[in-house]
Amino acid sequence: MHITIADIAQLIEGELVGSGQMEITGCAGLKEAREGDLSFLANPKYEPLAKESKAGAILVPRQMALAGKTIIRVNHPSLAFSKVIDHFLKDAPPLISVGIHPTALIAKDAKIGKNVAIGPYVIIESKAVIGEGTLIYAHSYVGHGTRVGAGCLIYPHVTLREKISVGKRVIIHSGTVIGSDGYGYVTVEGRHMKIPQVGGVVIEDDVEIGANVTIDRARFDQTTIGEGTKIDNLVQIAHNVTIGKHCLIVAQVGISGSTQIGNHVILAGQAGVVGHLTIGDGAVVGAQSGVSKSIKSGGQVFGTPAQPLREAFKTNAHIQRLDHYVQWIQELRKRVEELEKKDAKND
Amino acid sequence: MHITIADIAQLIEGELVGSGQMEITGCAGLKEAREGDLSFLANPKYEPLAKESKAGAILVPRQMALAGKTIIRVNHPSLAFSKVIDHFLKDAPPLISVGIHPTALIAKDAKIGKNVAIGPYVIIESKAVIGEGTLIYAHSYVGHGTRVGAGCLIYPHVTLREKISVGKRVIIHSGTVIGSDGYGYVTVEGRHMKIPQVGGVVIEDDVEIGANVTIDRARFDQTTIGEGTKIDNLVQIAHNVTIGKHCLIVAQVGISGSTQIGNHVILAGQAGVVGHLTIGDGAVVGAQSGVSKSIKSGGQVFGTPAQPLREAFKTNAHIQRLDHYVQWIQELRKRVEELEKKDAKND
Amino acid sequence: MHITIADIAQLIEGELVGSGQMEITGCAGLKEAREGDLSFLANPKYEPLAKESKAGAILVPRQMALAGKTIIRVNHPSLAFSKVIDHFLKDAPPLISVGIHPTALIAKDAKIGKNVAIGPYVIIESKAVIGEGTLIYAHSYVGHGTRVGAGCLIYPHVTLREKISVGKRVIIHSGTVIGSDGYGYVTVEGRHMKIPQVGGVVIEDDVEIGANVTIDRARFDQTTIGEGTKIDNLVQIAHNVTIGKHCLIVAQVGISGSTQIGNHVILAGQAGVVGHLTIGDGAVVGAQSGVSKSIKSGGQVFGTPAQPLREAFKTNAHIQRLDHYVQWIQELRKRVEELEKKDAKND
Numbered sequence: 001m002h003i004t005i006a007d008i009a010q011l012i013e014g015e016l017v018g019s020g021q022m023e024i025t026g027c028a029g030l031k032e033a034r035e036g037d038l039s040f041l042a043n044p045k046y047e048p049l050a051k052e053s054k055a056g057a058i059l060v061p062r063q064m065a066l067a068g069k070t071i072i073r074v075n076h077p078s079l080a081f082s083k084v085i086d087h088f089l090k091d092a093p094p095l096i097s098v099g100i101h102p103t104a105l106i107a108k109d110a111k112i113g114k115n116v117a118i119g120p121y122v123i124i125e126s127k128a129v130i131g132e133g134t135l136i137y138a139h140s141y142v143g144h145g146t147r148v149g150a151g152c153l154i155y156p157h158v159t160l161r162e163k164i165s166v167g168k169r170v171i172i173h174s175g176t177v178i179g180s181d182g183y184g185y186v187t188v189e190g191r192h193m194k195i196p197q198v199g200g201v202v203i204e205d206d207v208e209i210g211a212n213v214t215i216d217r218a219r220f221d222q223t224t225i226g227e228g229t230k231i232d233n234l235v236q237i238a239h240n241v242t243i244g245k246h247c248l249i250v251a252q253v254g255i256s257g258s259t260q261i262g263n264h265v266i267l268a269g270q271a272g273v274v275g276h277l278t279i280g281d282g283a284v285v286g287a288q289s290g291v292s293k294s295i296k297s298g299g300q301v302f303g304t305p306a307q308p309l310r311e312a313f314k315t316n317a318h319i320q321r322l323d324h325y326v327q328w329i330q331e332l333r334k335r336v337e338e339l340e341k342k343d344a345k346n347d
Numbered sequence: 001m002h003i004t005i006a007d008i009a010q011l012i013e014g015e016l017v018g019s020g021q022m023e024i025t026g027c028a029g030l031k032e033a034r035e036g037d038l039s040f041l042a043n044p045k046y047e048p049l050a051k052e053s054k055a056g057a058i059l060v061p062r063q064m065a066l067a068g069k070t071i072i073r074v075n076h077p078s079l080a081f082s083k084v085i086d087h088f089l090k091d092a093p094p095l096i097s098v099g100i101h102p103t104a105l106i107a108k109d110a111k112i113g114k115n116v117a118i119g120p121y122v123i124i125e126s127k128a129v130i131g132e133g134t135l136i137y138a139h140s141y142v143g144h145g146t147r148v149g150a151g152c153l154i155y156p157h158v159t160l161r162e163k164i165s166v167g168k169r170v171i172i173h174s175g176t177v178i179g180s181d182g183y184g185y186v187t188v189e190g191r192h193m194k195i196p197q198v199g200g201v202v203i204e205d206d207v208e209i210g211a212n213v214t215i216d217r218a219r220f221d222q223t224t225i226g227e228g229t230k231i232d233n234l235v236q237i238a239h240n241v242t243i244g245k246h247c248l249i250v251a252q253v254g255i256s257g258s259t260q261i262g263n264h265v266i267l268a269g270q271a272g273v274v275g276h277l278t279i280g281d282g283a284v285v286g287a288q289s290g291v292s293k294s295i296k297s298g299g300q301v302f303g304t305p306a307q308p309l310r311e312a313f314k315t316n317a318h319i320q321r322l323d324h325y326v327q328w329i330q331e332l333r334k335r336v337e338e339l340e341k342k343d344a345k346n347d
Numbered sequence: 001m002h003i004t005i006a007d008i009a010q011l012i013e014g015e016l017v018g019s020g021q022m023e024i025t026g027c028a029g030l031k032e033a034r035e036g037d038l039s040f041l042a043n044p045k046y047e048p049l050a051k052e053s054k055a056g057a058i059l060v061p062r063q064m065a066l067a068g069k070t071i072i073r074v075n076h077p078s079l080a081f082s083k084v085i086d087h088f089l090k091d092a093p094p095l096i097s098v099g100i101h102p103t104a105l106i107a108k109d110a111k112i113g114k115n116v117a118i119g120p121y122v123i124i125e126s127k128a129v130i131g132e133g134t135l136i137y138a139h140s141y142v143g144h145g146t147r148v149g150a151g152c153l154i155y156p157h158v159t160l161r162e163k164i165s166v167g168k169r170v171i172i173h174s175g176t177v178i179g180s181d182g183y184g185y186v187t188v189e190g191r192h193m194k195i196p197q198v199g200g201v202v203i204e205d206d207v208e209i210g211a212n213v214t215i216d217r218a219r220f221d222q223t224t225i226g227e228g229t230k231i232d233n234l235v236q237i238a239h240n241v242t243i244g245k246h247c248l249i250v251a252q253v254g255i256s257g258s259t260q261i262g263n264h265v266i267l268a269g270q271a272g273v274v275g276h277l278t279i280g281d282g283a284v285v286g287a288q289s290g291v292s293k294s295i296k297s298g299g300q301v302f303g304t305p306a307q308p309l310r311e312a313f314k315t316n317a318h319i320q321r322l323d324h325y326v327q328w329i330q331e332l333r334k335r336v337e338e339l340e341k342k343d344a345k346n347d
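Protein chains in written order, with the numbering used here: chain X, 1 to 347; chain S, 1 to 347; chain W, 1 to 347.
Some hints could be false.
Same chains, same label: a pair holds when it works inside one copy or across any pair of copies.
[To be verified] In silico DSS-like cross-links for lysine-lysine, where the CA-CA straight-line distance does not exceed 30 Å:
| id | residue 1 | residue 2 |
| --- | --- | --- |
| 1 | K296 | K314 |
| 2 | K51 | K293 |
| 3 | K296 | K54 |
| 4 | K127 | K163 |
| 5 | K111 | K127 |
| 6 | K54 | K334 |
| 7 | K45 | K69 |
| 8 | K83 | K163 |
| 9 | K114 | K31 |
| 10 | K31 | K314 |
| 11 | K83 | K114 |
| 12 | K293 | K45 |
| 13 | K293 | K54 |
| 14 | K54 | K83 |
| 15 | K31 | K163 |
| 16 | K296 | K114 |
| 17 | K54 | K163 |
| 18 | K342 | K163 |
| 19 | K108 | K341 |
| 20 | K111 | K90 |
| 21 | K293 | K31 |
| 22 | K334 | K345 |
| 23 | K314 | K334 |
| 24 | K111 | K45 |
| 25 | K127 | K114 |
| 26 | K245 | K296 |
| 27 | K108 | K163 |
| 28 | K108 | K54 |
These aren't lab readings, by the way, just hints derived from the structure by calculation.
Just need the whole structure built from these sequences, with the hints factored in.
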């Protein structure tokens with residue numbers, strides 16, 4: 001990466017205010033940005049954040065000024081920013097060459113798109129479909145009839161079982177297993193009989209899935225991960241779960257069977273959600289929370305069992321002060337006893 | 001799958017009451033069943049559940065009637081039901097052909113049973129034994145001297161380290177590691193010295209193990225998973241743990257070293273159990289609970305630290321009402337102060 | 001292993017007191033030791049523990065006596081003990097032979113040290129470096145430019161992505177992924193744009209990493225695991241985390257991005273630490289705790305949100321007694337009401 005602020009201004013047809021010589025080495029939000037990072041300000045209410053930001057340059061709306069900062073004025077800062085990110089991502093050449101490695105085993109009736117890269121010891125089973133420009137690193141496994149869209153990136157040691165559908169531009173990190181059997185049994189006289197799990201998994205476009213994640217196939221139907229949703233490492237998604245679009249599912253979260261999660265939902269790290277719930281659009285679940293009831297759209301919950309955020313904070317504040325309250329109770333007991341004694345005398 | 005209710009009645013030698021034409025596409029419990037599912041009623045006390053069930057047909061005891069439902073009367077509904085499940089499971093042909101793929105590397109002194117299927121890039125190390133009819137998918141690894149029984153199903157990317165014993169009809173999902181070293185160190189002057197972990201792991205018959213599970217080998221002796229126990233995804237089982245028969249260990253549970261778990265125990269999702277405990281037969285541990293004390297047979301616990309279920313519910317109800325109680329305390333303080341003031345005047 | 005107590009006494013130049021004939025089969029701490037184990041006593045204050053220990057023989061300082069126990073007197077019990085552990089570890093011959101398996105794919109410009117063992121279907125990418133005497137089991141993947149030091153042990157199915165640095169004598173168990181992308185996005189108009197993750201991971205000497213662990217690469221810079229730190233199974237370590245030397249990170253712990261952990265820290269099982277915190281040297285975090293604030297050196301915390309240990313115990317004791325306190329409050333309300341009634345009469 002050798003790109004200056006001036007180069008970026010040109011790339012996004014923006015108006016540079018300040019020196020264009022600094023080299024930009026990455027992109028980040030205003031808070032996380034460091035020297036050498038490009039950031040952006042779309043909403044004027046975040047101007048104070050922009051003033052404190054350490055970013056090397058900030059994309060801002062036309063007409064805006066930010067004293068003392070190097071800025072690039074554009075019509076649409078957020079779209080311009082995503083254009084720069086795309087530029088950075090494309091700039092890093094893939095570590096795998098286009099072509100099919102001679103040790104890759106590809107079934108004769110699999111369909112392989114143009115310009116794919118398929119690494120050593122990869123296995124593509126019968127009737128699988130690999131879209132144009134998709135990269136599949138070493139040792140990964142694509143099962144029978146599984147379809148992977150165009151422009152995907154599959155890292156080493158990924159398992160895609162049979163009859164999985166993966167959209168376009170999906171990234172799947174190493175060790176992840178998609179399409180393992182759902183955990184379903186009927187108990188007959190103390191023995192757990194396996195219920196056949198014959199459904200599939202649908203991963204929509206622009207999803208990213210971290211390392212060592214597990215996503216089970218549905219009993220019938222589909223387990224679904226919606227467009228643009230980003231899943232962190234070691235997450236468990238049970239059979240028949242539906243996750244909406246543009247959600248953030250942070251590391252080590254577990255979602256039980258048949259739960260339906262809306263769009264733009266955030267589940268923070270190590271949270272657990274029981275089965276057969278509905279989590280509304282835009283809901284936020286705090287870290288380590290245990291969700292046992294459905295959540296309305298926009299609801300924010302925390303704790304085990306999860307409560308609405310305000311109540312949870314109040315409850316937690318009370319818990320931290322329990323020692324204090326117990327002292328009050330003990331003191332009250334003495335004072336009431338004292339009053340009762342006096343009262344008895346007066347009778 | 002093309003099997004009608006009438007076909008099923010014939011398969012299990014039952015008496016059909018109602019139309020036999022509907023096609024049955026799956027099996028499920030009364031609650032979970034949907035149109036097209038077969039279910040069963042073994043215990044007459046669940047008759048109300050059977051009446052509400054959406055199952056396409058229900059196996060019931062001889063002489064029972066269920067108005068408005070398609071039923072099949074049999075001598076033993078639960079056994080007949082498991083016979084149908086077996087039928088369904090066998091009906092799905094395996095996606096791997098009997099035979100040994102030419103890229104599978106099998107040690108000369110390994111013993112391979114009849115009618116096995118061993119997929120591409122599978123490795124079977126020296127002195128390993130693979131039982132009759134076992135299927136091992138691509139990329140899996142069977143270590144030195146490890147014995148896998150008959151009729152097992154090992155999915156892609158499974159690691160069975162050395163000296164592991166796997167029973168009959170065991171299913172192991174992708175990414176699972178069995179026989180990694182136990183987490184054992186002695187701290188000598190601030191440095192953690194590794195204690196050799198030279199024991200094994202025993203997986204008994206009819207166990208199913210989910211994806212990306214880790215089961216450590218014992219220091220000496222064996223880590224043991226009892227017959228018929230079903231383990232969900234991303235579960236951690238430490239060295240020297242013993243799990244009894246027919247347990248359900250739900251996703252992301254962690255069990256610390258040397259803990260002994262009885263038969264028919266249920267550990268719900270994300271629960272943790274500390275080391276060197278004894279969990280009695282039939283115990284139930286709620287989701288996300290932290291178990292720090294042994295549990296008697298039949299005990300049901302919840303919370304962190306885990307309490308008996310009734311106490312946990314009571315405690316939790318109190319916690320939810322803390323704000324209310326604190327208001328009471330504050331009000332009491334005022335009222336007592338008022339009484340004290342009056343009392344002081346009266347003196 | 002056939003080594004007697006007398007052999008061990010000779011190996012470490014110690015003075016045997018008691019019979020030297022018993023065969024020693026393992027090493028363990030005083031508490032965990034069983035018959036046949038060797039243990040050690042470095043600090044005289046643990047003498048009571050030594051007296052109760054079931055160890056077959058105990059290394060003790062010169063001049064010490066332990067009535068009824070077989071002991072070996074040495075100048076430095078802890079160092080002598082680690083010498084014996086080394087002896088035991090070396091005694092177990094590796095299950096992989098020195099040499100490069102013909103199916104291993106090694107880039108022409110990779111540098112491979114002397115006396116390495118590289119198993120079947122291993123992939124070593126371009127510019128990778130493998131140190132002398134390192135063993136890499138079947139199916140593992142070493143990415144572009146990744147450097148693995150001397151004397152390491154990499155089990156089957158490990159993924160080391162590109163530009164990772166692994167020190168000397170590091171052990172990495174199966175299914176572990178090092179160098180997956182950090183979980184970093186900027187949300188632009190409701191869509192999560194991926195921020196390039198172009199940093200690396202540094203694993204220092206003598207680290208051991210369990211099975212199915214995930215350690216993400218930094219955005220820039222390095223995610224770092226310090227010398228001698230031991231990580232259990234299914235642990236998640238996010239991008240830009242720094243872990244100090246000689247820490248113990250127990251199974252299923254999750255550490256969020258950019259958190260800095262000192263030396264000799266213990267994080268017990270299933271604990272979670274939020275991002276951008278500082279955890280001081282020697283801190284201890286209890287199992288399942290949720291750490292949301294930085295911890296000073298030597299701090300011990302427990303619970304969610306984590307409190308200092310004493311407060312957490314007090315809080316927890318109060319919580320267990322809530323039912324009792326609520327009864328007190330209800331009783332107080334009655335008594336105060338009674339007093340108020342009498343008071344009203346007296347007015």
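Status of the hints after comparison with the structure:
1. Within a single copy, K296 and K314 get their C-alpha atoms as close as 20 Å, and across copies as close as 26 Å, so both meet the 30 Å cut-off.
2. When the C-alpha separation of K51 and K293 is checked against a cutoff of 30 Å, the pair qualifies only between copies, where the shortest distance is 26 Å, while the shortest distance within a copy is 42 Å.
3. For the identical chains of this complex, K296 and K54 are inter-copy neighbours only, at 27 Å across copies versus 37 Å inside a copy, given an alpha-carbon limit of 30 Å.
4. In this assembly of identical chains, the alpha carbons of K127 and K163 lie at most 30 Å apart only when taken from the same copy (10 Å versus 35 Å across copies).
5. In the homo-oligomer, the alpha carbons of K111 and K127 lie at most 30 Å apart inside one protomer (7 Å), although the nearest pairing across protomers, at 33 Å, exceeds that limit.
6. Taking identical chains as interchangeable, the C-alpha atoms of K54 and K334 are never at most 30 Å apart, the minima being 59 Å within one chain and 53 Å between chains.
7. Proximity of K45 to K69 under the C-alpha cut-off of 30 Å is restricted to the intra-copy arrangement: shortest distance 17 Å within a copy versus 63 Å between copies.
8. Only between protomers do K83 and K163 lie at most 30 Å apart by alpha-carbon distance; the minimum there is 27 Å, versus 34 Å within a single protomer.
9. Taking the closest pair of Cα atoms, K114 and K31 never come within 30 Å of each other, the shortest separation being 41 Å inside a single copy and 48 Å across copies.
10. In this assembly of identical chains, K31 and K314 lie within 30 Å of each other by CA distance solely inside one copy; the values are 28 Å within and 38 Å between copies.
11. Only within a single protomer do K83 and K114 lie at most 30 Å apart by alpha-carbon distance; the minimum there is 25 Å, versus 48 Å between protomers.
12. Proximity of K293 to K45 under the C-alpha cut-off of 30 Å is restricted to the inter-copy arrangement: shortest distance 28 Å between copies versus 35 Å within a copy.
13. Taking the closest pair of Cα atoms, K293 and K54 come within 30 Å of each other only across two copies (24 Å); inside a single copy the shortest separation is 42 Å, beyond that limit.
14. Proximity of K54 to K83 under the C-alpha cut-off of 30 Å is restricted to the intra-copy arrangement: shortest distance 21 Å within a copy versus 51 Å between copies.
15. For the homomeric pair K31 and K163, the shortest alpha-carbon distance between copies (27 Å) is at most 30 Å, but the shortest distance inside one copy (42 Å) is not.
16. When the C-alpha separation of K296 and K114 is checked against a cutoff of 30 Å, the pair qualifies neither within a copy, at 45 Å, nor between copies, at 56 Å.
17. Taking CA atoms no more than 30 Å apart as the test, K54 paired with K163 passes between copies only; the shortest distance there is 27 Å, against 47 Å inside one copy.
18. Proximity of K342 to K163 under the C-alpha cut-off of 30 Å is found in neither arrangement, the shortest distances being 82 Å within a copy and 79 Å between copies.
19. With identical chains, the CA atoms of K108 and K341 are never at most 30 Å apart, being 96 Å at best within one copy and 93 Å at best between copies.
20. When the C-alpha separation of K111 and K90 is checked against a cutoff of 30 Å, the pair qualifies both within a copy, at 26 Å, and between copies, at 29 Å.
21. Taking the closest pair of Cα atoms, K293 and K31 come within 30 Å of each other only across two copies (19 Å); inside a single copy the shortest separation is 34 Å, beyond that limit.
22. Taking identical chains as interchangeable, the C-alpha atoms of K334 and K345 lie at most 30 Å apart whether they share a chain (17 Å) or sit on different chains (20 Å).
23. Taking the closest pair of Cα atoms, K314 and K334 come within 30 Å of each other both inside a single copy (28 Å) and across two copies (22 Å).
24. For the homomeric pair K111 and K45, neither the shortest alpha-carbon distance inside one copy (50 Å) nor that between copies (54 Å) is at most 30 Å.
25. Taking the closest pair of Cα atoms, K127 and K114 come within 30 Å of each other both inside a single copy (17 Å) and across two copies (28 Å).
26. Taking the shortest Cα distances, K245 and K296 sit within 30 Å of each other inside one copy (16 Å), while across copies they are farther apart (40 Å).
27. Taking identical chains as interchangeable, the C-alpha atoms of K108 and K163 lie at most 30 Å apart only when both belong to the same chain, with a minimum of 17 Å there against 36 Å between chains.
28. Proximity of K108 and K54 under a CA criterion of 30 Å is satisfied in neither setting, with 54 Å inside one chain copy and 43 Å between copies.
Checked against the numbered hints above, the structure breaks hints 6, 9, 16, 18, 19, 24, 28 and satisfies the rest.
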